[in-house]
Amino acid sequence: MRRKTSFSIILVSLFLPLFAPVASAQVEVRVRVMEASNVGSGIDSSLRDLHGQLGSLFNFSSYRLLKDENVSLSPKQPVSLPLDPGRSLELTLIDLRRVVAEVKVRISKDGRDVLTTLVKLTPGRSVSIGGPKRGEASIIIALSRP
Amino acid sequence: MSKRLEPYFDQELTGEERRQVDEHLRECRTCQESFKLMERIRGAIKQPVDGAVEKEDFQLMWQNIQREIRLRESPSWLESIRVWLDISPLLQKKVWIPALATMAILVFVTVPILFKKSPSPSVLSVVEYVDSPTYNVMVYESEKPEVTVIWLFEGQGEELSTS
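So the sequences go chain by chain: A and B. Read in my numbering, the first sequence has 21 at position 21, and its numbers run on one by one without any break. Read in my numbering, the second sequence has 98 at position 98, and its numbers run on one by one without any break.
It cannot be assumed that every hint is accurate.
Take a look, some chain A residues computed to stay more than 12 Å from chain B by CB distance [stated by the list, open to error]:
1) G42
2) G52
3) L65
4) L66
5) S74
6) E90
7) E102
8) S126
Going by beta-carbon spacing under 8 Å, a handful of chain B positions derived as facing chain A [as the list claims (entries may be wrong)]:
9) T14
10) V21
11) D22
12) H24
13) Y129
14) P145
15) I150
16) W151
17) F153
18) E154
Note that these hints are calculated values from the structure, not bench results. None of the values given here were measured: they were computed from a predicted structure. All C-beta atoms in this analysis are idealised placements derived from N, C-alpha and C, irrespective of residue type, glycine included.
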């Protein structure tokens, strides 16, 4: 009996490091919500890096920051952020392997899911979700690892 | 005859030769003196040698010789390992065989997992899946700049404007 117990302890201690990083990890994700339009001009200073990336794709003349938050994600723990009235964003850390964080993103409007996606976030790379209209402007949600 | 005196003294002559020397010694005074001189010399040598032999510890001397022989004939490393395995009580226990086999299997299984070369983050597909019941969706991924865009189209006429 004692021998079986010792053997089990050795097995667990050998395999534990493989699972520990996911079990104990937290990931910081920067969420920026902006309004992009061709009404007026001007780019908020905290959006300059994103404009450098998105500027070659879109010809919006104005980028206005609506929200800039760092959220800490724990595995399988959804974090919700309100967007404009009626819309909300929910982020869930699904997996973390080395520098790659797998995050599930849900955008809902009036309680209904309008988008569900699973993205891999790595430092230095941003993932932008855009398109929904708000007046003349389009809402863009940019996710990145600080 | 004097030439046969020394072999006679050393008992190296045949029976007939010894008999002849015996007869000669009974008559020849010179040879008698020579023979007595030989006996005295042998006595003078034998006495200290016998004394030294009595004092000498041949058992200790033999042990020293054996030790020297062992030192000069050092065993091969294979022989040394075999001897060590023979005397190591831990290795005589058969429980080590399944334990070592288990360890080997664990190492075989875990090492490839731990040292698996994962693809560089830049070559990964960033968007695993995307699902929208209400929007048309376009996914754009670029390596330079490192950017991924998921664009939702609300209406028929709307298009992504590219520069």
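Practice prompt. For the hint on W151 (chain B), just tell me whether its beta-carbon gets within less than 8 Å of chain A.
Written response: holds (5 Å)
Item to complete: Over 12 Å to the closest beta carbon of chain B is the bar; see if G52 (chain A) clears it.
Response: violated (7 Å)
Worksheet item: Are T14 (chain B) and chain A close enough, Cβ to Cβ, to be under 8 Å, as the hint says?
Response: It is violated, given that the least Cβ distance between T14 (chain B) and chain A is near 84 Å, above 8 Å.
Worksheet item: Taking the minimum C-beta separation from L66 (chain A) to chain B, is that value above 12 Å?
Response: holds (17 Å)
Fill in: chain A contact restraint for H24 (chain B) - C-beta distance below 8 Å
violated (95 Å)
Worksheet item: Taking the minimum C-beta separation from G42 (chain A) to chain B, is that value above 12 Å?
Response: holds (18 Å)
Worksheet item: With a cut-off of 8 Å, does the beta carbon of E154 (chain B) approach a beta carbon of chain A closely enough for the hint to hold?
Response: holds (6 Å)
Fill in: Restraint check, 8 Å cut-off on beta carbons, for P145 (chain B) near chain A
holds (4 Å)
Discussion item. At 12 Å, judged by beta carbons, does S74 (chain A) keep clear of chain B as stated?
Written reply: holds (20 Å)
Fill in: Reported absence of S126 (chain A) from the contact zone with chain B (all CB gaps over 12 Å)
violated (6 Å)
Worksheet item: Does V21 (chain B) pass the interface hint, meaning its C-beta sits closer than 8 Å to a C-beta of chain A?
Response: violated (90 Å)
Discussion item. Using Cβ atoms and 12 Å as the threshold, tell me whether E90 (chain A) really stays out of contact range of chain B.
Written reply: holds (14 Å)
Checked against the numbered hints given earlier, the structure breaks hints 2, 7, 8, 9, 10, 11, 12 and satisfies all the rest.
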